[in-house]
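One-letter residues, chain by chain:
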Amino acid sequence: MIRQFTESEFLFILASARWTLLLTVMAMLLGGLLGFLVALARTSHLAPLRVLAAGWIGLIQGVPVLMLLFLSYYGLSLAGFDLPPLIAATVSMALYASGYLGEIWRGSIQAVPWQQWEASSALAFSRPQQYRYIILPQAVRIAIPPTVGFLVQLVKNTSIVSIIGVVELARAGNLVNNATFQPFKVFGTVAAIYFIICWPISLLARRLEGRLHARRAG
Amino acid sequence: MPVVQVEDVHKRFGAVEVLKGIDLTVERGEVIAIIGRSGSGKSTLLRCINGLEQIQSGRIEVSGHVIDASGKGLRDLRKDVGIVFQSYNLFPHLRVGENIMLAPRVVLGVSKAEALSRARETLAEVGLAERFDAWPDNLSGGQQQRVAIARSLAMRPKVMLFDEVTSALDPELTGEVLATMERLAEHGMTMLLVTHEMAFARRVATTTVFMHQGRVWEMGPSERIFGSPQTPELRQFLGSGLK
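Protein sequence lines, in the order shown, are assigned to chains A and B. Mapping of the first sequence onto full-length UniProt numbering: position 72 corresponds to residue 72, and the numbering continues sequentially without gaps. Mapping of the second sequence onto full-length UniProt numbering: position 117 corresponds to residue 117, and the numbering continues sequentially without gaps.
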């Protein structure tokens, strides 16, 4: 039986957006934490840490998110860890985010002029003190625009977890479409919701970029 | 006891030996100018004295701290050695006052009140007391350089190193920085300065060192170095500077 695309179908899709948002937030938090460590390791003066971090970034960026997803969902369940789809999805998205955020933040740390390291070394700051008081505060400003830009990508890319059965925004659209067979209405709605989430973030990114640029010029 | 003692210091960058056995002694209250061509090793020598460059052999002692080829104990040494760079290198995310207070607070662990009083005192000393809350970006080059001097002074160093501190400045801004340095010298600060300001070196420095090809080629009281240079290289250097 073919159902109509009514208010209740619409509300079902809208409500499923919470899983998209939750996934995004969790991936950003966990991935950010790991990505921060990766960025620190990547800019460390200990060569093995740098190599390890570079390897991690290369691996994550060189492998499709889909494979991370299959590995953590099917792979780990074969190995005896039966992860619920939502957990497997969160883990995969967080790993994915760590690789990209690590690289973005490495670039931001290295974009701080080397004279800032030298001036603070000359004032007898230890390396952790340099990071804490001199380098990171400046790197954060550089990092904000590309980080927010990545966040937009992350929101949209969470749609991939529909593959393992997490009913987030994209999967909800798919389900409703299968029942109503009204792809334009259904996926138009889904696309609109993604847009409503992403558009303000993009605007924010552009504003931050403009402001930081103005500050440097002034 | 000398504040700085440099003994037979050798420094290589790759295959190029830029310091070929430097000996130099700086007594308390002395002002020593180091002059020489670009590439003569004068900036490198200065940077070795607070360990920004590692030496391959020899020994540097600054107020009881020893640097050798191992590079240990650098942080303690740097607490006693201030250095000011050509490019100021203020911390752009902090206001002027915070720039000065940060190292005493974080590195020396002094109280906030003490750091504040040091910042006010050193800013007054460089003539910028009223710019405490300004952002570095809003200062002229000369003012930024004076803040950089104040930032170093707030660590209460035993010796101050100046690495071509006026080379990036317009002539009119150079004067205010030189005046600040001259006042420091008059107050008895021990100073080592690499400079291209020959008139300043002659007037303010007690001793002038002429470096050439990685060696101390000629040194002595500034009046004699500038008044009656002994070596042809120094004569040529000073002559070319006048043209």
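It should be emphasised that the hints constitute simulated quantities derived from the structure, not laboratory data. Honestly, I wouldn't trust all of these hints.
Taking lysine to any residue and the SDA-like style, the derived pairs with C-alpha atoms no more than 20 Å apart in a straight line are [as the list claims (entries may be wrong)]: (1) B:Lys72 x A:Leu46; (2) A:Lys156 x A:Leu14; (3) B:Lys112 x B:Gln86; (4) B:Lys72 x A:Tyr133; (5) B:Lys79 x A:Leu46; (6) B:Lys158 x B:Gly64; (7) B:Lys79 x B:Arg59; (8) A:Lys185 x A:Asn174; (9) B:Lys72 x A:Gln130; (10) B:Lys72 x A:Leu14; (11) A:Lys156 x A:Leu46; (12) B:Lys79 x A:Lys156; (13) A:Lys156 x A:Gln115; (14) B:Lys79 x A:Gln129; (15) B:Lys112 x A:Arg132; (16) B:Lys79 x A:Gln115; (17) B:Lys112 x A:Met26; (18) B:Lys20 x B:Lys158.
A short list of chain A residues far from chain B (calculated; beta carbon distances all over 10 Å) [unchecked claim]: (19) Ala124; (20) Ile134; (21) Val167; (22) Asn174; (23) Leu203.
This one's a predicted model, so the numbers in the text were calculated from it and none came from an experiment. Each residue gets a CB set at the ideal place from its N, CA and C atoms; glycine is no exception.
Evaluation of the provided hints:
no. : hint                : in the structure
1   : B:Lys72 x A:Leu46   : holds, 17 Å
2   : A:Lys156 x A:Leu14  : holds, 15 Å
3   : B:Lys112 x B:Gln86  : violated, 29 Å
4   : B:Lys72 x A:Tyr133  : violated, 23 Å
5   : B:Lys79 x A:Leu46   : violated, 25 Å
6   : B:Lys158 x B:Gly64  : holds, 11 Å
7   : B:Lys79 x B:Arg59   : holds, 19 Å
8   : A:Lys185 x A:Asn174 : holds, 12 Å
9   : B:Lys72 x A:Gln130  : holds, 19 Å
10  : B:Lys72 x A:Leu14   : violated, 62 Å
11  : A:Lys156 x A:Leu46  : violated, 36 Å
12  : B:Lys79 x A:Lys156  : violated, 51 Å
13  : A:Lys156 x A:Gln115 : violated, 39 Å
14  : B:Lys79 x A:Gln129  : holds, 14 Å
15  : B:Lys112 x A:Arg132 : holds, 18 Å
16  : B:Lys79 x A:Gln115  : holds, 18 Å
17  : B:Lys112 x A:Met26  : violated, 39 Å
18  : B:Lys20 x B:Lys158  : violated, 26 Å
19  : Ala124              : violated, 4 Å
20  : Ile134              : violated, 6 Å
21  : Val167              : holds, 45 Å
22  : Asn174              : holds, 47 Å
23  : Leu203              : holds, 25 Å
Consistency with the previously given hints fails for numbers 3, 4, 5, 10, 11, 12, 13, 17, 18, 19 and 20, ordered from lowest to highest.
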